[in-house]
Structures are given as structure tokens and as C-alpha cells.
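Given the structure of chain L, go ahead and fit chain Y onto it with the hints provided.
There are 2 protein chains.
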Amino acid sequence: MRPVAVVGIGKTRFGAFADRDLRSLAREAVACCLEDAHARPEQVEALFLGNFAGPSFVGQSHLAPYVAEACGLTGIPATRFEDACASSGAAFYHGVLAVAAGIYDVVLVAGVEKMTSETSARVAQILASAGDLAGEIRVGATFPALFAMIARRHMYQYGTRREHLAQVAVKNHANGSKNPFAHMRKLVTLEAVLGAKPVAEPLTVYDCSLISDGAAAVLLAPLERAFEFTGRPARVLGVAQASDRLALEDKADITSFQAVRRAAEKAYRMAGVGPSDIEFAEVHDCFTIAEIMAIEDLGFVAKGEGGPFTASGATALEGRLPVNASGGLKSKGHPVGATGVAQICDLVEQLRGAAGERQLRRHSLGLAQNLGGSGATAVVSILGA
Amino acid sequence: MRPVAVVGIGKTRFGAFADRDLRSLAREAVACCLEDAHARPEQVEALFLGNFAGPSFVGQSHLAPYVAEACGLTGIPATRFEDACASSGAAFYHGVLAVAAGIYDVVLVAGVEKMTSETSARVAQILASAGDLAGEIRVGATFPALFAMIARRHMYQYGTRREHLAQVAVKNHANGSKNPFAHMRKLVTLEAVLGAKPVAEPLTVYDCSLISDGAAAVLLAPLERAFEFTGRPARVLGVAQASDRLALEDKADITSFQAVRRAAEKAYRMAGVGPSDIEFAEVHDCFTIAEIMAIEDLGFVAKGEGGPFTASGATALEGRLPVNASGGLKSKGHPVGATGVAQICDLVEQLRGAAGERQLRRHSLGLAQNLGGSGATAVVSILGA
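Protein chains in written order, with our numbering: chain L, 3 to 387; chain Y, 3 to 387.
Chain L on its own, in the form it takes in the complex:
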């Protein structure tokens, strides 16, 4: 295996864009990415496209060649990867390994989702298809309900407080307010989160990530060729994907995601680093409780300490271990299939020192964690400057 670099990044703003279709979003992200990498479409050898539910949201299957042709990439292998909310994380995982192993030199990994053309009831139904349909969805569960149960159990088992969850939202909105690509650039207070409309107790509307449209793309190349494209390559030091059972009732402990722990362990080993080496992270805060679980499962803090750690300010922009400097899914937005690759773009911006108002002081080693459903897929990536 040879070292792999991210040599270009591109993304659209995340938001609700009534006048934009899926393909135009993907095209914009890919064009930005190729421009950033000073690459021509003819140099791209394969397209790995992450998309969760384009067929359900916009009625179009066969999305990889559909996007490829719009980006001037016709002819190359073009494949859609689907692993629920970790779809483009999975595409990134497979893309990195393909370059590392020498299958290709130059691979484009993109992610896209167009969600806001559907009613929110239909969006909730489509998202729910990522859970265990027969076991939990048909009996009435939705994703907010599943994560509310997880939150309740976490509170019961570890003394996590409602305010700890809310603090995740307060922090991520503060970060997102500094991100020109974020969907909701709005500061929220602890009181506002606690007093907001309940979605599934104890989660209010501010504990839930956003329904967004958006796309993101990264260009991968072997490190030895990186300087053909960019003066600022980011090294992919570790990447791993793992799976778990879908239904919460089939998990031994719902306050921890085994897939995240497995993927993290492998990614750390591949990178030759440990949790204490990581300087900043983008984690999958689809709900506020998910960020608290993530920082525990990734080994940043001991199990049960995610809430107090967050409340201490340690994960804020100026904290000891900034988490979701981008604003996270919470404020930046969560166009499902784009999220995994967007996290990588956010890491690379920090590694380059190009994150503007959100730029972190320590920014040479970052980690991204992308989650599918209620933890049945996880992808963990570690990037260094």
C-alpha cells in the first residue's frame, strides 16, 4: 500500500435550493474540486459516488454515470456507493484503498443528496428506510425516536444531562455561524435549545441535524504524484469501515456504536496514531447525542464522559479538542449522501490553514467519523498535513 493524498476539494453551499437539481449540485462540487486540484476531467480514472437515496428523493437511479456525464467524465468506471448516511464515507474508504493499492492513480470521490424537494413526512420515511424496516421501523420508530431512546439510556447509564446534549447544538451553531457554506448560520442559546419544539423527548428540534441539499467532492492521488496537482496535499493516514446490526434491539449496548469502535481501532492502527494524538475532528452529529457518543467511541474521552467534556468547552473552537469546527451536520447541514465527503473537505481546509474564521490553532492531524443509520455502518478517516 502506498500513501494517498487528497489533492483537491470542492463543495457546494448546503441548504434548501428549490431551483437546483441533484445533478447541478454534483457538477458544481466536482468542478470546484477539479479546479482546486488543477486537474482536467480526462485525468480522472474512476468516479466513486456516495448517494443515499436519490432514487427515492428525486426518482433517478443509475446516478454515477448520470453525474459522470454532467462532469465530463463519461467513459470511466462510475459507481454509486450506498451505506445510508455513511454513503460517501464508504465511497471515500473504497476510493482511498483503490489508490493505495495501485488500482488507479487519480480517483474522484463525490457525494450528493437532494432532499428538500420532498415533504418532510416523506423525508422522514425515506430516512427511516436506513433502519431495520421489519424490526423497528414498521412498529413506528423514526430516526429521532431511535436516537431519543439512545439519549435516554445514555442519561440513565452515565448521568449525562439534558444540558450536555444542548451544549452540542450551541457549540455547533456557533461554529457554523462562521462557515459561509453552512445551511443554518444562526447562533442558538442553551435556553433556546431546551425550550424548542420537542421532536422525540428529550430531543428538541435543535438537537436534530438539518434536511439539506448539497454536494462535495475530493480528488485522490498517490502522494508521490500529489505535487502535480497541488502545493497543499493532505495525506490520508488511516481509513477504515465497519458494520454492525441495524436494529437497536439487536445491539448489546445502545449507548455505544460497535462499528465506530471497530473502524476507529483499525484507522488508528493504520495511521500509527492514537486518540490522544488527534488535534481536531469532524464527527457525525446527526443528533446531539450522536456527537457525545462519537467522542466517547473514538476514544477521545472515557465512556460516559462525553457530556461533561462537551460542557467544559473542550470541544469548542478554542478548546483542547475542537469537534465539528465546520458546524457539523447540526448547523452546516446534512445532505445525507454528501456528508462523508464534506467532512473530508472540512478536514482538508483545516489542514491547509484555509478555514477562515473557523481556523484552528492546532491543525496538523484531523479525524472524520461518518455514521450510517443508527450505527450499522461507520467510516473513520485520519488525515494529516
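Because the hints were derived from the structure by calculation, they are not lab data.
Please read all numbers here as calculations on a predicted model, not as lab measurements.
There may be inaccurate statements among the hints.
All copies of an identical chain are treated as equivalent in the list; a pair is satisfied when it fits inside any one copy or across any two copies.
[Claimed, not checked] Within a straight-line C-alpha distance of at most 20 Å, the following computed EDC-like cross-link-like pairs (lysine to aspartate or glutamate) qualify:
no., residue 1, residue 2
1, 268, 320
2, 305, 203
3, 268, 107
4, 268, 281
5, 268, 279
6, 268, 44
7, 188, 107
8, 305, 359
9, 305, 21
Chain Y in isolation, oriented as in the chain L frame:
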């Protein structure tokens, strides 16, 4: 790149199974495959799952971990690949290269589709999502209509006769009648095909492949480890995937699929063989005209000669170049996401000399061609004994 072998195969019968769900079909194929390879689930390092439209047909997304857990494979990277009707061909392509490049040793590639729980009108709508929604589907095209236009053009351009198309159906039903796993084991006559209910002129119902439920799986390993699993490994000599524009109106010539030509050229080069070396083939006869185009685009005959070649009996079981000895999508059935891997299973049965009544005389070098939509994806695989 190191040589890769198929060390196990497994498949379900194809058919309409009101009492079977998607997961039970996948589980059966995977269990048969692991048994055939004398492999334990713990030996499998990754699951590459081809599925076209599970979320639309049965409401379940996140299918790879969902299938993995049912097969005792929980924990490993489990990813769904979607490229329309070439979904499991794409999974096979990526799986073979991953083993060839040394990313994994033991990979399970499976394909599954459960279609018959939907009404045929809804099935047609879901299948149509593999075409260009904005460009051709919203103005009324369906897949039979698209392939009818292709057939008309092929007839106009090359003098292909209606009877040539019908002969594909007659042959494939004759082959499928000998296949205990086939969906429709029924002989049809030329007169029956010509006189059957029209679907889209000139295509009648017997020119169209079947709507089926089914699953198939293959286990891959490096050739150097193949004998740990089986005394009868099949070597993957070449594999390639290519893409093209989705809409027929965007293609320079609708009587030839550029993606098939590109993938074939690469697969032949990788295998170090040419079309004339191939002894038998499984091709993607979603419609009878598609088989005629396939044997032309794969270089078995010159452009325009596919019809007369078929009518001559050259592609029959006893012919010079048997095509679709399994019965093809036409008689064996076409559970979309399972088709690509099922073709590989059919090649391997022939290579092993284990195809029963369908066993071919020459069976040391076979080719499979899997097509997505109206040609925007193609995967070509070449296997040898």
C-alpha cells in the same frame, strides 16, 4: 496485481416468491456460496453487495449491513453498489480488483433483488429510473420503448429481421428449460414469440426479460490461496467496467453500446485474449435485441451480423459460440441486482463442467457481460478454468 479466483458460488432459484423476502434470498445464496467454498463466515473480510432498487421495491435501504448481519458477517465493511442492472457486475468488478491489489484476501460479492412484491406498473416505473429521468423518462419512455427504438434502428441500419430477435428468445428458452434454477422453464416457438402480445413494437412479451426475485453470490480469493477453499477454482482473467451517457438521444449511434465496447477492450487486454478465444458467454439479454448487440459489441461478430449469426444456430448450446447457456435474463429471469453475479455463477458452473444438461463441450474460457440501463454502465468479465 495478483491472480484472483472464484472459490465458491451460490444462488437461489429465480422466480416469483410471494413468501420470500429480500434478506432470506440473499441469505440462501450466501450460505450456498460459503458451503460450496468450505468457508466460514469469519473468513470473509468484506461484503460487496449489488442491489439496484431495494429501497424502492421493498422499502429497505442500508442493505449491505442488513444482509451481512443475516449471513453472520457482522463487523466487516459491507457496502451496497448500485449501477442499475449492472449493480452486481459493478460489485464484482470492485471486489476482484480489491483482491487482485491485495486490499483483502477473501471477499464475498453478492447480488439480490426482490421485485415481485410490487405491481408491474410500479416495477416499470422503478426500472425506468435507470434511464435519464429528465431527458427521456418524463416524456414517456420506458425500457421496452427504448429498446424497441434500438431494435427498429438496428433493423433499419443492418437489415436485422424480426425473426432474428425472436430466435434469441427461442434459443434462450430452450436453454433455460434445462436449468433447474430458471424462472421460466418453458420452450417457446418462433411463431409464439412473433405472435405474442406486443409490448413495444417490434418487441412482444417474449422479447422481454422477466421480473424476478433472486440472489447470487461468489467468494473471491487470491489464486495462491484458492485451494484452501476448493479443488475447482475459476480464474478471473479479466474484468473491466465502463460508463456512457444515459439518454439514447445523447449517443452517437444507438445500435452499439460504447460502454460495452470500452469494457470489453479493457477486459480482453487484461486477460490477454481476444473475442475469437472466448468459448462461451453469458450476455445481458434484457431484451432480445440486447443479446444481438452484445455479441456484436463484444467483437464475436461484425456489427450488423448478430442477427444472422443467431439465426444460424451458432449461439445455441451446440453451436460454435454458445451464448446464454443458462437461459439468460430471458428465461432464467432478471432479478436486477442479482444478474451480474448470477452470470459469474453460470460461467463457473460451465468451467467446472458442472452445468448438467446445459454443459457445453468447450468450457475452458468464458465471458460475462452485464449492462446497466440502456448502456450507461457495462461490466465485462473473462473467466478461465
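Status of the hints after comparison with the structure:
1. 268 with 320: Answer is neither; intra-copy 29 Å and inter-copy 53 Å both fail.
2. 305 with 203: neither (22 Å within a copy, 66 Å between copies)
3. 268 with 107: Answer is between; shortest inter-copy Cα gap is 17 Å, intra-copy 24 Å.
4. 268 with 281: Within one copy, since 18 Å is at most 20 Å while 44 Å is not.
5. 268 with 279: The answer is within: 15 Å in one copy meets 20 Å, while 44 Å across copies does not.
6. 268 with 44: between (34 Å within a copy, 17 Å between copies)
7. 188 with 107: neither (41 Å within a copy, 49 Å between copies)
8. 305 with 359: The answer is neither: 32 Å in one copy and 61 Å across copies each exceed 20 Å.
9. 305 with 21: neither (44 Å within a copy, 44 Å between copies)
Of the numbered hints given earlier, the model fails hints 1, 2, 7, 8, 9; all others are met.
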